[in-house]
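Engineer: Sequence:
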Amino acid sequence: MKIRSPITVLLGHVDAGKTTLADKIRGTAIATTMEPGFLTQATGCSLIPIDVIKEICGELLEKFKIELKIPGLLIIDCPGHAAFMGMRRRGGNISDIAILVVDITEGFQEQTDESLKILREFKTPFVVAATKIDKIAGWFPIKNVCFSDSFKKQSESTRDELEKKVYRLVTQLAERGFNSERFDRIEDFKKQVAIVPCSGITGEGIAELLAVLAGLVQQFLKERLEVSEVARGTVLEVKETVGFGTTIDVILYDGSVARGDYLIIGGKEPIVTRIRALLRPRPLQELRVEKQFESVNEISAAAGIKIAAPDLETVIAGSPIIAVKSEEEIEKAKRAVQKEIEEVEFVKHIEGVVLKTDTLGSLEAMIKLLTEEGVPIRKAEVGHVTKQDIIEVQNVSDSLRRVVLAFNVKPLEEAVILARDLKIEIFQNNVIYRLIEEYKKWCYQRKEGEIQEKLEKVTRPVKIKILKGFTFRVSKPMIVGIEVLAGVLRPGALMKKDGKIIDKIKEIQREGQTIKEAKKGDKVAISMEEPTMGRQVREGDILVSALSEDDIKTLKEVYEKLSDDEKELLTEL
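All residue numbers in the sequence shown are consecutive under our numbering, ending with 573.
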């Protein structure tokens, strides 16, 4: 069966050298072929044909015993996590393998971890491109050579420095649950993540990176690369293109598509249209010419392509597409794309949050993660936060769920105003894990605040002893010295003796100063309005707090915040 080019995405920290590396891979390929038109670039994609890979990698393929059969590598410089999640297909992500770009001089950074979480979530295999080796102290750069050749020509101290940094990455990956090793020392590529030291500036290591990628996908992902006759893809972006109106940028991951084909796009209702033009950007050297795009009659997977057709205005990024040749195939295609849409489903909870995201892929990922966190969802949709979303969540009685979570989308101004008036929180972030962490942190702080408020209002379990020789006033009010034997004593606490109610604590003083509370071991003076010393109470008496049913219910709710002696006393009372 025919196989397609594997789809490879680059992910990593913002300053890790991701775009520089992508540019270098692209530039190396152009320089090697000397034929710019031989390299296809579309929608942030670079399709590097197999002949070019063979030319760049040279003897490395023989060294690693790789016989290339794939038609090439489709490399996508992913602008962020949101873009990666937008590349959705049934059962996961359209990417076959990823390059996790890590600055070797810095090691793992915040966005490196976030990228790794996403790759783990989508079960995407990856190799690590340890970039910026040219920044290592003492490194003597040799342009566009294999890492292995360049490494041999470095000084011993420089080689040692690189080894230290590679093993720092090995350690950091191990801490995150991944077994890894430098690519040329790996014994089993199925069990170990390959680390390829390289430079996006000098080109050192690019050959090894391409060889390892090509070898891995061919050895372990061959079945995934088999193509069928049905053209399938995912919408990355919907945009206006001069001269063509509304167009969609698509990653085609199966089959082939031609001008004039019927295009079926998933959504609330399937969109059926006809392809007017298939467009791809001209090679980099020709970007200044008047005509930016060139039209092609047909294109096969895997490819990045811009499609012009009528009725694309309501298309949502992340939507599945199928292209068919005849009208008879349309109904079957409509059912197929809707089945993919319906997979993005959740159990609706009345007492749940409202979720808004930018693409179907990110919506699916957010639903999965929130469900794992035990967060119920009332409504989940693609699009900006609207006034209707605020009205929807207003009806949620649980204050912790009366929120809107907005991933990579903005609230409309009318929604912001209404949310402010109704005191409804809108959480926004373009990193999925940060959004969830911010919400969880807010929930924790709200819970802690509610607990503290309950602790302030409730009568706490307390046991006190009236000290002998410390009666300062017999009555109206009675003022005596006491010792707190257990618990927390506060003004307003209703006290009892042998089951009989005495009175509330009016005031607590220490050394003439009024205080708000006294704890176990404290000796303080208290005043009570009703009792008279020698009648209702005597020196040496033990008094305990009289807890109402509401007090006991509240104390059970905040039980973990009570001290050990309070817990013991609560059981006793």
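Hints listed in this document are in silico derivations from the structure and should not be mistaken for laboratory results.
Keep in mind that this is a model prediction, so the values were computed, not measured.
We put the CB at the ideal spot given by N, CA and C, even for glycine.
Treat the hints with caution; some may be incorrect.
List of simulated lysine-lysine pairs, BS3-like, C-alpha gap at most 27 Å [said to hold, decoys possible]: (1) Lys520 <-> Lys506; (2) Lys441 <-> Lys519; (3) Lys516 <-> Lys447; (4) Lys440 <-> Lys117; (5) Lys441 <-> Lys368; (6) Lys500 <-> Lys465; (7) Lys348 <-> Lys410; (8) Lys556 <-> Lys504; (9) Lys2 <-> Lys123; (10) Lys239 <-> Lys339; (11) Lys222 <-> Lys65; (12) Lys500 <-> Lys457; (13) Lys54 <-> Lys325; (14) Lys143 <-> Lys123; (15) Lys553 <-> Lys516; (16) Lys476 <-> Lys506; (17) Lys65 <-> Lys54; (18) Lys454 <-> Lys504; (19) Lys441 <-> Lys410; (20) Lys457 <-> Lys410.
Across the chosen pairs, the derived CB separations fall in these ranges [as the list claims (entries may be wrong)]: (21) Gly499 <-> Gln388: 33 to 39 Å; (22) Pro491 <-> Lys465: 17 to 23 Å; (23) Thr19 <-> Glu327: 30 to 36 Å; (24) Lys516 <-> Phe427: 34 to 40 Å; (25) Glu294 <-> Lys325: 40 to 46 Å; (26) Glu223 <-> Phe427: 18 to 24 Å; (27) Arg185 <-> Gln388: 46 to 52 Å; (28) Asn430 <-> Glu223: 30 to 36 Å; (29) Arg185 <-> Ile50: 23 to 29 Å; (30) Gly449 <-> Arg185: 20 to 26 Å.
Engineer: Does Lys123 lie within 27 Å of Lys2 when you go C-alpha to C-alpha?
Structural biologist: Within the cut-off at roughly 25 Å; holds.
Engineer: Between the alpha carbons of Lys516 and Lys447, is the straight-line distance 27 Å or under?
Structural biologist: It holds: about 23 Å lies between the C-alpha atoms, which stays within 27 Å.
Engineer: Just to be careful, I want the Cα atoms of Lys457 and Lys410 compared with a cutoff of 27 Å; is the pair within it?
Structural biologist: Status violated; Cα separation ~39 Å.
Engineer: Does 20 to 26 Å hold as the CB distance between Gly449 and Arg185, or does it fail?
Structural biologist: violated, 53 Å
Engineer: Is the gap between the beta carbons of Lys516 and Phe427 within 34 to 40 Å?
Structural biologist: Check passed, 35 Å falls within 34 to 40 Å.
Engineer: Given the hint that Lys476 pairs with Lys506, test it: the Cα-Cα distance must not exceed 27 Å.
Structural biologist: holds, 11 Å
Engineer: Is Lys239 close enough to Lys339, meaning Cα to Cα at most 27 Å?
Structural biologist: Measuring from Cα to Cα gives roughly 26 Å; hence the hint holds.
Engineer: Sort out whether Lys54 lies within 27 Å of Lys65, counting only the CA atoms.
Structural biologist: holds, 13 Å
Engineer: With a cut-off of 27 Å on the C-alpha distance, tell me whether Lys500 and Lys465 pass.
Structural biologist: Given that 27 Å is the threshold and the Cα spacing comes to 16 Å, the pair holds.
Engineer: Can you tell me whether the CB distance of Glu223 to Phe427 sits inside 18 to 24 Å?
Structural biologist: violated, 40 Å
Engineer: Given the hinted pair Lys553 and Lys516, is their alpha-carbon gap at most 27 Å?
Structural biologist: holds, 23 Å
Engineer: When you take the CB atoms of Arg185 and Ile50, is the distance between them in 23 to 29 Å?
Structural biologist: holds, 27 Å
Violated hints, listed in ascending order, are 2, 13, 14, 20, 21, 23, 25, 26, 27, 30; each of the other numbered hints is respected by the structure.
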